[in-house]
Amino acid sequence: MHKIEASVLKEKYLQYWALGICWTAKSIFAIRIAVFSLRLGAMKGSSRNAYIFRVFVLLAMFVTMALVIRGLLVPEGFGEIGFYRPQAPDEEASRSPVHQGKEVCARCHEKQFTMHENDVHRSVECEVCHGNGAAHVDARSKSLPKEVGYIFKELEQANCLKCHQRILGRPKLFPTISVEEHYSLVGVKVASVVCQECHDPHRPLFLDKSVREARLHPLIHPCSDCHEEKGIETKKIPANHEMVFECRYCHKPIATDHANRKHSFLRCTGCHQVHKETEFASRIYKNSSNEFCLMCHLKKPFKADAKIPMLESYDSHLDDVASSDADRGKRCVDCHLNEVIHDIKTLPKVSSEEVER
Amino acid sequence: MKKPMNPVTDSFNLERRKVLKSGLSTVLALGLGFFPKRLVATLKSQGRWYGFVVDLTKCIGCGACVRACKAENNVPDGFFRTWVERYTFLKDGRVIVDSPDGALNGFEDNPTIPRSLIAKSYFVPKLCNHCTTAPCVQVCPVGATFVSQDGVVLVDYKHCIGCGYCIQACPYGSRFLNPAGYADKCTLCYHRITKGKKPACVLVCPVGARLYGDLNDQNSEINKVLAGTRHAVLKPELGTNPKCFYIGLDQEVR
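Which chain is which? The protein sequence lines are X and V, in order. When the count follows this note's numbering, it moves up by one through the first sequence with no breaks and lands on 358 for the last residue. When the count follows this note's numbering, it moves up by one through the second sequence with no breaks and lands on 303 for the last residue.
Calculated from the structure, these hints are not laboratory results. Predicted model only: the values in this text are computed from it and were never measured. Any given hint could turn out to be false.
Simulated restraints on C-beta separations [to be verified]:
id	chain 1	residue 1	chain 2	residue 2	range
1	X	PHE63	V	ARG279	55 to 65 Å
2	X	MET66	V	ASN290	38 to 48 Å
3	X	THR115	V	GLY257	20 to 30 Å
Facing chain X, from chain V, some residues (calculated, C-beta under 7 Å) [what the hints assert, rightly or not]:
id	residue
4	ILE109
5	GLY110
6	ALA120
7	ARG135
8	ASP158
9	ASN159
10	SER170
11	LEU203
12	HIS240
13	ARG241
14	THR243
15	ALA249
Every residue, glycine too, gets a C-beta built ideally from N, C-alpha and C.
Could you put together the complete structure from these sequences and hints?
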C-alpha cells in the first residue's frame, strides 16, 4: 500500500544526511559565538574590527547556507495548516478501501444476504468469514473470468469457534459452547462433523438440511432481538410462536409421560416458564407451592359449575387424608405430581457445573 | 579610583535591567509569534473531531478486527495497528495479560490458570488513542506526524525519516517501524472515514464493541454512547488526552 519506491527512499536518506549536516553546522556556530566573545575581550583596535568583520561574514555565510538547505529540505507548503505537509492528509485519504461492506455484497448475492439479514448473525459482516472483497469486486466490475478474485470459504469449525468457543474471557451473556458438550447434548456421535452440517452458514441459528426444520429457541435467540428493534408485536406465549422449539423436542420422556396423565390438556408453559435466556442448563422455575395448585382447585362461589376436583381448604383436605404429622407438612406436588402431572423422575440430571454457568 | 574597563559590557553599555527586559520581550515575541501556529493544529477544531469507543463488556476476542486491519492496511507480518489483549484478574490481586500473536487468530482457552483462582477476565482491544496532545507528534523532528484537522493522528509516510522517536514516545505502544523505512500506525482508516465508510475494524466487529464518530456532533452515536455509559481512557495521568474511550475499564489495564 505504502510501498516506497527506490527513488523516494534515496531522497529520504538524502534528507536524513542533510538534517545531520544542518544540526552539526548549528552546533559549530554556537561554539564559534562562544569563542568569538572570549577572544573579543582580549583584542584592541584594528585587529578587533577585522575580527568582528570576519565573524559577521562567517555568520552571513552560515545563514545563507542554512536558508538554502532549509529551502531544499522543507517541502512545499509546509506549515500552512499546521506543523506538517498540507498534502499529507489528502494523500492518506486517497487510498481505496479494501473492505467493501455487506451492502456491496448484497448487490449480487441477494439470496444469501436476505437470509443472513434475518438471522441474529446479521451483525457479522460477510467479509468477517469470507475475507475482504477488494479483488473480487474489482474483478467482477471488470467482467474478468471467474477464477480472478474468486472467493471460496471452506466450511470448518474454526470459523464458528473463533467467536463461539467457550474460553476464558468471553462475556457470560455471549453464547459459547464446548464442542464436546454440544455434541453430546445434540447427539452427534462423529467428531469430524462440522458446525455447518447442521447450521446453515448464512443463517446459523436455523438448522439445516436433513436436520429438523429450523426453529428459534429463546435460549439462543432472546425475544428482544426481533421484538424491540423491528417493532414486531410480541406474542405473549413463546410456545405459540411459529418458529419456537417445542418443549417435547428436547424433553421427550417428560412430554410422553405427561401426555398420559390427567393434566395432559395443559401445555408445559401453563406451569413452567421458558428457560431463562442467559442460562444454558435447563433450569426451569415454576412456583410449585400449594397456592399455585389451589388457584384452580380451591372452591369458590364463581367456580360452582367447574368439573374439576375442589377443596374447601387445604387444611380440610389434610384432615381427610393425613395419617401423621409428617404428612401435614407436605405440599400438593409431594403426593400428586407423578399421578396427575408427570413423573418427576424422568427429568434429566444436570451436573452442578452446568447449573453454575 | 576608576574601575578597570570591561570591553564587552562597557562598549555596548548594557545594564542588567535592560538585558532582562529585552530578553524577556524577545522570548514573549517568539512565543506569541511562533508557538500558537503549532498549537492551533492540535487544538480542538470546529469541524469534525473523530473519537473512538471500545466497549470491553461486549468484546468477545474473536480477532476479526485484527485480521481486517491487516488486510485493509497491508500491515506487515508481526506488526499490528490494532491488537487484542486478554486481561485475567486473579483473586490474589495478580493480573495476567496475554495476546497470542496479537489475537490475529483469536484466542484459545488458557487452562494453565486454575479456574478457582480467577476473579474475572476480559478482552481489551488496543489501537492508537488519537491523543489530542499526542506525545508522538511533539517529538517528531521533521513534522512527519501530526494531528489532522479532524483529530486523527497521521503519519506523512513520504516525509518520515524513520528515526523512531515517535515509537518511543507513544505511551500506548501503538506505533511501529515499518520495514519499508517509516513509522506506521493506526490512521482510524482515514481513507475510509473520509469517504463516509466505517473503519475496517468497526465494520467487521460482530458484536459492535467498536464505535467511531464525530465528538463535535452532539447527535452522533458516539456522543450518545459516551453520555450513557461510564467510560475511561488509558493512562489519563500522562495528560495525552486520548480520544479513544473504553467502557468497562479497570485501572489495572494499561
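Cross-check of the supplied hints:
1. X:PHE63 to V:ARG279: 55 to 65 Å: Holds - the Cβ-Cβ distance for PHE63 of chain X and ARG279 of chain V, about 58 Å, lies within 55 to 65 Å.
2. X:MET66 to V:ASN290: 38 to 48 Å: With a Cβ separation near 40 Å, MET66 of chain X and ASN290 of chain V satisfy 38 to 48 Å, so the hint holds.
3. X:THR115 to V:GLY257: 20 to 30 Å: The hint (20 to 30 Å, Cβ to Cβ) holds, given that THR115 of chain X and GLY257 of chain V are roughly 21 Å apart.
4. ILE109: holds, 5 Å
5. GLY110: holds, 6 Å
6. ALA120: holds, 5 Å
7. ARG135: holds, 5 Å
8. ASP158: holds, 4 Å
9. ASN159: Status holds, d = 5 Å.
10. SER170: Given a least distance of 4 Å, the restraint on SER170 of chain V holds.
11. LEU203: OK, holds: LEU203 of chain V within 7 Å of chain X, min 6 Å.
12. HIS240: Holds: closest Cβ of chain X sits about 4 Å from HIS240 of chain V, inside 7 Å.
13. ARG241: holds, 5 Å
14. THR243: holds, 4 Å
15. ALA249: OK, holds: ALA249 of chain V within 7 Å of chain X, min 5 Å.
In this structure, every one of the numbered hints holds.
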